[in-house]
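Since the structure of chain Y is already known, use the hints to place chain L on it.
Protein chains in written order, with full-length UniProt numbering: chain Y, 1 to 280; chain L, 1 to 312.
Among the clues, some could well be false.
Across the chosen pairs, the derived CB separations fall in these ranges [claimed, not checked]:
1) Ala-35(L) <-> Leu-194(Y): 18 to 28 Å
2) Arg-307(L) <-> Leu-138(Y): 44 to 54 Å
3) Arg-107(Y) <-> Ala-215(L): 51 to 61 Å
4) Leu-168(Y) <-> Phe-278(L): 47 to 57 Å
5) Pro-197(Y) <-> Phe-278(L): 39 to 49 Å
6) Pro-101(L) <-> Arg-177(Y): 46 to 56 Å
By construction, these hints were calculated from the structure, which means they are not laboratory data.
Even for Gly, the Cβ is constructed at its ideal location relative to N, Cα and C.
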Amino acid sequence: MTDLAQRADFRIKLFNRICFGVLIAFALVWIVPLAWALDTALKPNAETTRTTWAIADPTVDAFGRMLRDTDILTWFGSSLFIATLSAAGTVLVASLAAFALSRMRFRYRNVVFWVVLAGIMIPGQVLIVPWFRQFDALGLLNTWWAVSLPQIPTAIAVFIFKQFFDGLPKELEEVARTDGASYLRIYGRIIMPLARPAVAAVAIFTFVQSWNDLLWPLLVLSNPDIMTIPVGLATVQGAFGIRYADTMASAILGAIPLVAVFLLFQRHIVEGIAGSGLKG
Amino acid sequence: MTTETAVRPRDAAEPGTPPPEKRGWTGLPALGFLAPFLILYLAFIIGPTIYGLVMSFFDTSLVKPGLSTFAGFGNYAEALQSGDFWSSLWHTLWFTILTTPPLIILAFVFALLADRAKHGRWFFRLAFFAPYILPSAVVALIWIFIYTPGLGLIEAGLLKIGITSPNWLGDPNWAMPSLAMTTIWWTLGFNFVLYLAGLQEIPRDLYEASSMDGATPWQQIRRITIPMLGRTTTLVAVLQVIASLKVFDQMYIMTSGGPNFATRSILQYVYDEGFTNFRVGYAAAVSMLFFLVVLAVSAVWFAIVRRQEREV
Numbered sequence: 001m002t003d004l005a006q007r008a009d010f011r012i013k014l015f016n017r018i019c020f021g022v023l024i025a026f027a028l029v030w031i032v033p034l035a036w037a038l039d040t041a042l043k044p045n046a047e048t049t050r051t052t053w054a055i056a057d058p059t060v061d062a063f064g065r066m067l068r069d070t071d072i073l074t075w076f077g078s079s080l081f082i083a084t085l086s087a088a089g090t091v092l093v094a095s096l097a098a099f100a101l102s103r104m105r106f107r108y109r110n111v112v113f114w115v116v117l118a119g120i121m122i123p124g125q126v127l128i129v130p131w132f133r134q135f136d137a138l139g140l141l142n143t144w145w146a147v148s149l150p151q152i153p154t155a156i157a158v159f160i161f162k163q164f165f166d167g168l169p170k171e172l173e174e175v176a177r178t179d180g181a182s183y184l185r186i187y188g189r190i191i192m193p194l195a196r197p198a199v200a201a202v203a204i205f206t207f208v209q210s211w212n213d214l215l216w217p218l219l220v221l222s223n224p225d226i227m228t229i230p231v232g233l234a235t236v237q238g239a240f241g242i243r244y245a246d247t248m249a250s251a252i253l254g255a256i257p258l259v260a261v262f263l264l265f266q267r268h269i270v271e272g273i274a275g276s277g278l279k280g
Numbered sequence: 001m002t003t004e005t006a007v008r009p010r011d012a013a014e015p016g017t018p019p020p021e022k023r024g025w026t027g028l029p030a031l032g033f034l035a036p037f038l039i040l041y042l043a044f045i046i047g048p049t050i051y052g053l054v055m056s057f058f059d060t061s062l063v064k065p066g067l068s069t070f071a072g073f074g075n076y077a078e079a080l081q082s083g084d085f086w087s088s089l090w091h092t093l094w095f096t097i098l099t100t101p102p103l104i105i106l107a108f109v110f111a112l113l114a115d116r117a118k119h120g121r122w123f124f125r126l127a128f129f130a131p132y133i134l135p136s137a138v139v140a141l142i143w144i145f146i147y148t149p150g151l152g153l154i155e156a157g158l159l160k161i162g163i164t165s166p167n168w169l170g171d172p173n174w175a176m177p178s179l180a181m182t183t184i185w186w187t188l189g190f191n192f193v194l195y196l197a198g199l200q201e202i203p204r205d206l207y208e209a210s211s212m213d214g215a216t217p218w219q220q221i222r223r224i225t226i227p228m229l230g231r232t233t234t235l236v237a238v239l240q241v242i243a244s245l246k247v248f249d250q251m252y253i254m255t256s257g258g259p260n261f262a263t264r265s266i267l268q269y270v271y272d273e274g275f276t277n278f279r280v281g282y283a284a285a286v287s288m289l290f291f292l293v294v295l296a297v298s299a300v301w302f303a304i305v306r307r308q309e310r311e312v
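If we strip away everything but chain Y, and leave its shape as in the complex, we get (with noise of 0.2 Å):
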């Protein structure tokens, strides 16, 4: 018997040697594409069509050429000023719109839930047409509220914030409201707190989708002093020609501030997922 259960016990280990190993080749596959760009970036660009991954001499002339001579400094604001205000944009009006649609009680309330509802099917680039005929008219075209405001009212995100408050127990604003607190001061002081994951989830995600957004922000800046990073990197790539370290070096300038918010939250986006309802 106990050399079965030895067997069985050899069998598990080898099993789980042998998923380890898969794991690791795949992670590696996935790590080299970033791993050569940076390598290529921190070359010469004399050097960049040799295909060898010495970087004895690492040079950051390529990533000083790009701040230098391209707008990519400017295109950093832009992007951090769009996506930081349609990420507070969302997460504000969207967790006003749950805390009512979960914690008040009014007519109509399942009518405008499922009006909410049914905005998530709605994709926004079938909407660009009207979007910009919408703002050719306001005449904001090539402003940063033509970039945001759209994305502002994100049904998913009323959807996720409703999912969390749903989920909190009603005894909490019994008390309050009974000591005579306001609807405004329940939300801001008693379930907002307590909501932060929701509110961690919503705002990465609104972040980096809009700030890697890039049909709808390429129609309606052309103004090279606004455009979003992925905007002004799609409209120069050409540009470089076969400067591929100069290529290279833009590429990672402009993908540094999420891998910078990545390794920050990255426990918060698995927990923010996995409470948020998203997964199923």
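Same frame as chain Y, but now just chain L:
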């Protein structure tokens, strides 16, 4: 607390119950909380959807104000008869077919393996999820370089083992699989994290009980893990299909829809017609047809979820 429990079932049972205004639950504060969202929602989602629908029945031009002449179903008829419309729709579907199965299966396998790993979970999360947060422009720049004939990473690697590689982005037959490969690398992380979250929900004692009964790891995966992740898989699948149908960025930057329009997506067709040919009425009609496809996918998902919920 007692009023709360007393009122709730009554509300559910009788729709005609007088609204609870007398207890101080008036509709006015609720409206105040809803207003900021609803105003923006009507202005930028519902309004434009209706406007787009109206526009699709007119010969609206980008360069002239107003809706211009009424076209009836003319734009729709033209789209349905246009070879460009069907080919861009097919490219979008082909891209979806190429990306969806690998993005579900690989994400599942990687999450399963990473969940079993005792050490270095942060490393796997980083490796698989990090590409997801890169802007499409960054991903495109890196992969254009990787696919470059003569010096790209893949060609160099394949040459070492004696294989000559095709012209990845330049060959009309290879361009789409190349874009699919890039996309799998780029977006797998999101599905990976959804699966990781799903795996954490499975009660550990299920595994313990089954291993007492002598189940092998492989049997556990087949009998416990896969069935328990059914709902996650449905969600991942539908989110993935919708995301893949919405593809635009990769093609726009990496191939501009080429070579020879072999990778022009439906959204790029909308973009080309509306903003290069200025035919926004026609572009709106194409958008609406695309919206119908997305709606159909959502409806199928909804039906499957309803069925799963009934089974549980």
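Outcome of the hint check:
1. A hinted range of 18 to 28 Å for the beta carbons of Ala-35(L) and Leu-194(Y) is consistent with their spacing of about 24 Å.
2. At about 45 Å, the CB distance of Arg-307(L) to Leu-138(Y) agrees with the hint of 44 to 54 Å.
3. Checked against the given bound of 51 to 61 Å, the beta carbons of Arg-107(Y) and Ala-215(L), roughly 54 Å apart, stay inside it.
4. A hinted range of 47 to 57 Å holds for the C-beta pair Leu-168(Y) and Phe-278(L), which are about 51 Å apart.
5. The beta-carbon spacing between Pro-197(Y) and Phe-278(L), approximately 47 Å, falls within the hinted interval of 39 to 49 Å.
6. One distance hint, 46 to 56 Å for the beta-carbon pair Pro-101(L) and Arg-177(Y), holds here, with the actual separation near 52 Å.
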